[in-house]
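Colleague: All chains, please: the whole structure from these sequences, using the hints.
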Amino acid sequence: MAEIEDPVSESSRGAIPLKLIKTYLAFLKRSITSPLRRSKGRGAPGYRRDVAYAFIRQLLAELGAKQVQFLTRTTDKMYNRITKNKGKAPNSVQLPEQAKGHWIGNPQARFVMLYSHGGGFFGSATFGHIRYLYRLQEEMAQAGHDFSIFVLTYTLSPNGVYPLQLKQAASALNYLLTEEHRDPATILLGGDSAGGNLTSALLEHIVRPHADVPPVSLARPLHAVLLISPWISFSTSWPTFESNAESDYISRRAINRAAITYIAPGSKPDAYSEPNTSPVDFWADVAKRAVQNLLIWGGGGEVLIDGIKDFAAKVSAGFAQADPSSVQDDGSTKRPPRFKLIVTPKCAHEEMIIDELALGWVKGGEAARDVESWLSAVLS
Numbered sequence: 005m006a007e008i009e010d011p012v013s014e015s016s017r018g019a020i021p022l023k024l025i026k027t028y029l030a031f032l033k034r035s036i037t038s039p040l041r042r043s044k045g046r047g048a049p050g051y052r053r054d055v056a057y058a059f060i061r062q063l064l065a066e067l068g069a070k071q072v073q074f075l076t077r078t079t080d081k082m083y084n085r086i087t088k089n090k091g092k093a094p095n096s097v098q099l100p101e102q103a104k105g106h107w108i109g110n111p112q113a114r115f116v117m118l119y120s121h122g123g124g125f126f127g128s129a130t131f132g133h134i135r136y137l138y139r140l141q142e143e144m145a146q147a148g149h150d151f152s153i154f155v156l157t158y159t160l161s162p163n164g165v166y167p168l169q170l171k172q173a174a175s176a177l178n179y180l181l182t183e184e185h186r187d188p189a190t191i192l193l194g195g196d197s198a199g200g201n202l203t204s205a206l207l208e209h210i211v212r213p214h215a216d217v218p219p220v221s222l223a224r225p226l227h228a229v230l231l232i233s234p235w236i237s238f239s240t241s242w243p244t245f246e247s248n249a250e251s252d253y254i255s256r257r258a259i260n261r262a263a264i265t266y267i268a269p270g271s272k273p274d275a276y277s278e279p280n281t282s283p284v285d286f287w288a289d290v291a292k293r294a295v296q297n298l299l300i301w302g303g304g305g306e307v308l309i310d311g312i313k314d315f316a317a318k319v320s321a322g323f324a325q326a327d328p329s330s331v332q333d334d335g336s337t338k339r340p341p342r343f344k345l346i347v348t349p350k351c352a353h354e355e356m357i358i359d360e361l362a363l364g365w366v367k368g369g370e371a372a373r374d375v376e377s378w379l380s381a382v383l384s
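Mind the numbering: the sequence shown is residues 5 to 384 in the working numbering, read in order.
Keep in mind that a hint or two might mislead.
[Unchecked claim] Below are the BS3-like pairs computed for lysine-lysine, each with C-alpha atoms no more than 27 Å apart in a straight line:
(1) 318 x 272
(2) 313 x 350
(3) 44 x 350
(4) 313 x 292
(5) 318 x 292
(6) 44 x 26
(7) 26 x 70
(8) 272 x 313
(9) 33 x 318
(10) 318 x 344
(11) 70 x 272
(12) 344 x 313
(13) 70 x 81
(14) 81 x 92
(15) 318 x 350
For the record, the hints were derived by calculation from the structure and aren't laboratory data.
Nothing here was measured: the structure is a model prediction, and the numbers come from that model.
Modeller: Here is the structure:
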């Protein structure tokens, strides 16, 4: 199985109660100070959301990778649980490189999206992830699109480190191409947060293969790619780490820990593990040879949004370089661009997914609608 259930050490396990107490105290403090903080523009929209984000923010800052894995279900177990709760039979595939794939919807659908979940590479897919993907598939079906999702289970760090996860993503795509005999033009890629990082790395690998990863050969470009709040820069010095510190549930401390856990000790990030460092030429090649349409979604209230915008500018420049005839003298385009960046105001990191995780919150908010509108258009 891709997710090795490696027992947490006794000392690490013993520290969990104290960390949970500290998290609860932070939650209580925010429940009192939230109205004042939000009146000064320092917080998430709405009291309940603001207090919940403070709880999650403290929890993610306190817990280490092994502690998170000790407290949560694996992606495989979460998929099985939610699928059975929906009255459906789980449909999973063992893949090379100890990866797994899980079907949401009909495997024979006209279009399929290979999806990589987020979680800093050390967290498995949550209840919110699987619920969101089911809802996305169902929304597309209701809109008349023959569409399914193939959810990747990859090895969590530090049980496996980069580039293992890229090998597993490549093996999943190769499975769809060779075993399922898929036309690349019927395949989409998707990912959120760390999964957006992995999906970006896979695109780069397609056009400029990583030396340690099996190549992926495409007869024609993939249909589309969806990146939700992609974590593509390990830097925590972007201004929005300060300005959005209280409107998001992700913190500088959590990001730093995730980056250290993903990259092997003694190694340094490269253009695949940290896609924002790749040059524009990479993305011109991606636009020419790897994908027809690409959407990057980011929340205006998330700490990563400055890095996401910087990354989007490079990707946009690459697509413009690949499609020079579409750019007019004034910089405008003659037709709808194949690349799009959507920043939904005031939204937190992958807010449409966190909304599915929290009971009682409004589902299908503005962030979800923005993504669904784009996806429905590219599937038409």
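Colleague: Next, verify each hint and record whether it holds.
Modeller: Against the structure, the hints come out as follows:
no.	hint	in the structure
1	318 x 272	22 Å, holds
2	313 x 350	15 Å, holds
3	44 x 350	15 Å, holds
4	313 x 292	22 Å, holds
5	318 x 292	15 Å, holds
6	44 x 26	25 Å, holds
7	26 x 70	18 Å, holds
8	272 x 313	23 Å, holds
9	33 x 318	41 Å, violated
10	318 x 344	12 Å, holds
11	70 x 272	22 Å, holds
12	344 x 313	11 Å, holds
13	70 x 81	17 Å, holds
14	81 x 92	14 Å, holds
15	318 x 350	24 Å, holds
Checked against the numbered hints given earlier, this structure breaks only hint 9.
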